[in-house]
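Trainee: Here's the letter readout for the chains.
2 protein chains.
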Amino acid sequence: MGRWQPNARGRLEQAALELYGERGFESTTVAEIAERAGLTERTFFRHFADKREVLFGGAGQLDELLRSAVAAAPDGTTPTQAVAAGLDAVAAVLTERRDFARRRQPIIAANAELRERELIKLASWAVVLADALRERGVDPSTATLAGEVGIAVFRIAFQRWVDDPEATDLSEGIRTSLGDLRTLAADDR
Amino acid sequence: MGRWQPNARGRLEQAALELYGERGFESTTVAEIAERAGLTERTFFRHFADKREVLFGGAGQLDELLRSAVAAAPDGTTPTQAVAAGLDAVAAVLTERRDFARRRQPIIAANAELRERELIKLASWAVVLADALRERGVDPSTATLAGEVGIAVFRIAFQRWVDDPEATDLSEGIRTSLGDLRTLAADDR
Numbered sequence: 001m002g003r004w005q006p007n008a009r010g011r012l013e014q015a016a017l018e019l020y021g022e023r024g025f026e027s028t029t030v031a032e033i034a035e036r037a038g039l040t041e042r043t044f045f046r047h048f049a050d051k052r053e054v055l056f057g058g059a060g061q062l063d064e065l066l067r068s069a070v071a072a073a074p075d076g077t078t079p080t081q082a083v084a085a086g087l088d089a090v091a092a093v094l095t096e097r098r099d100f101a102r103r104r105q106p107i108i109a110a111n112a113e114l115r116e117r118e119l120i121k122l123a124s125w126a127v128v129l130a131d132a133l134r135e136r137g138v139d140p141s142t143a144t145l146a147g148e149v150g151i152a153v154f155r156i157a158f159q160r161w162v163d164d165p166e167a168t169d170l171s172e173g174i175r176t177s178l179g180d181l182r183t184l185a186a187d188d189r
Numbered sequence: 001m002g003r004w005q006p007n008a009r010g011r012l013e014q015a016a017l018e019l020y021g022e023r024g025f026e027s028t029t030v031a032e033i034a035e036r037a038g039l040t041e042r043t044f045f046r047h048f049a050d051k052r053e054v055l056f057g058g059a060g061q062l063d064e065l066l067r068s069a070v071a072a073a074p075d076g077t078t079p080t081q082a083v084a085a086g087l088d089a090v091a092a093v094l095t096e097r098r099d100f101a102r103r104r105q106p107i108i109a110a111n112a113e114l115r116e117r118e119l120i121k122l123a124s125w126a127v128v129l130a131d132a133l134r135e136r137g138v139d140p141s142t143a144t145l146a147g148e149v150g151i152a153v154f155r156i157a158f159q160r161w162v163d164d165p166e167a168t169d170l171s172e173g174i175r176t177s178l179g180d181l182r183t184l185a186a187d188d189r
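So the protein lines, in turn, are chains L and P.
Per my numbering, the first sequence starts with residue 1, numbered consecutively.
Per my numbering, the second sequence starts with residue 1, numbered consecutively.
Excised from the complex, chain L in its bound form (with noise of 0.2 Å):
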């Protein structure tokens, strides 16, 4: 057997989230990730640095998205317009990895380890937020709301995206629930 594996990453990918969705992430071994690919354990490894990497593997890069989107912005950008420009960013690789990440999503809501992970991929995004916009020279309280609320958006777009069929474009969500959150918050006079 050749020690190149063409995609090897992408079969593995593609294999677990079949498993996982067949037989619930908890009962699915790394052994029964590589065979299914028809790859070795050792394989695997080279990859991820377990099964639950899979579904988060790409979490760190999408951090340093976020934090070089906002810091980008042009000068005179308003905090907000910097937080969407930073999930914009974000938005735009998850539309390309969309089967993915729609695959993924009842995964995690089936168990609650993963939907820990996620909360706390969540707020970790939601600081670094609040850390461009300081560096930026928005206020830090300002900040601080500014990122927190930025993935609250965040979540309710791309929940909408993953659950609707017809949705492709899930900046487009974003607009759309900046605007449902503009209209919310006026809505308290």
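I should point out that these hints are in silico values taken from the structure, not numbers from a laboratory.
Quick caveat, the model's predicted, so the values are computed rather than measured.
Ideal placement from N, C-alpha and C gives every residue a C-beta, glycine not left out.
Watch out, some of these pointers could steer you wrong.
[Claimed, not checked] Using 30 Å as the maximum straight-line C-alpha spacing, the simulated BS3-like pairs for lysine-lysine come out as follows:
(1) P/LYS121 / L/LYS51
(2) L/LYS121 / P/LYS121
(3) L/LYS121 / P/LYS51
[To be verified] Covered by chain L, according to a simulated footprint, are these stretches of chain P (three or more residues, beta-carbon under 8 Å):
(4) 16-23
(5) 52-60
(6) 77-90
(7) 114-125
(8) 180-187
Given the structure of chain L, go ahead and fit chain P onto it with the hints provided.
Mentor: Just chain P, lined up with the frame of chain L:
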């Protein structure tokens, strides 16, 4: 030694907070908490399931309070006003427990497991708020957004209230954060 211990729960709480603050949550045992409080471990376990429960014991009651305060808001209350009513009810309880809340916060902040537990608690509050709004006839997507954003507002106000020795009224802080949210949400134009 008599079986009835006056304010055993309060004494155990006090002892636990002291010890968690002095030597960290991880390194404190139930035996030490009981000893510091001048009580037995058995008494500890009559009041708390484990040492984490000392910090999260009231969460279930606050869930119920949130839900019922949103439900009790008069007809014609907007979603944001209903969320504010829920958060105000929680704020009133926390204001009563101000010393506890302030001593608890750095203990949570210092421990990853406790921070995760706190995130999960707040995420569950967002769901409680959204459910209660839906029961008032708010459409599901607005209800979810209002729940998430309400909790974001609460977190900011709570952190400010804990950090600022001058701040007395958490409800007032929540109003301020809701005002900040209105400003923030309106800036995306």
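Trainee: Given as covered by chain L, does the stretch 77-90 of chain P meet the bar of three residues or more with CB within less than 8 Å?
Mentor: holds (count 5)
Trainee: Quickly compare the C-alpha distance for L/LYS121 and P/LYS51 to 30 Å and report which way the hint goes.
Mentor: holds (26 Å)
Trainee: Can the stretch 16-23 of chain P be counted as covered by chain L under the rule of three residues or more with Cβ-Cβ separation shorter than 8 Å?
Mentor: violated (count 0)
Trainee: Using a Cβ cutoff of 8 Å, are there at least 3 residues of the stretch 114-125 of chain P near chain L, or does the coverage claim fail?
Mentor: holds (count 4)
Trainee: Mind checking the alpha carbons of P/LYS121 and L/LYS51 for me, to see if they're no more than 30 Å apart?
Mentor: Holds, at roughly 26 Å.
Trainee: According to a criterion of three or more residues whose C-beta lies within less than 8 Å of a C-beta of chain L, is the stretch 180-187 of chain P covered?
Mentor: Per the Cβ count (7), the hint holds.
Trainee: Does the alpha-carbon distance linking L/LYS121 and P/LYS121 stay inside the 30 Å limit?
Mentor: holds (16 Å)
Trainee: At least three residues with a C-beta closer than 8 Å to a C-beta of chain L: is that true for the stretch 52-60 of chain P?
Mentor: violated (count 0)
Checked against the numbered hints listed earlier, the structure breaks hints 4, 5; every other hint is satisfied.
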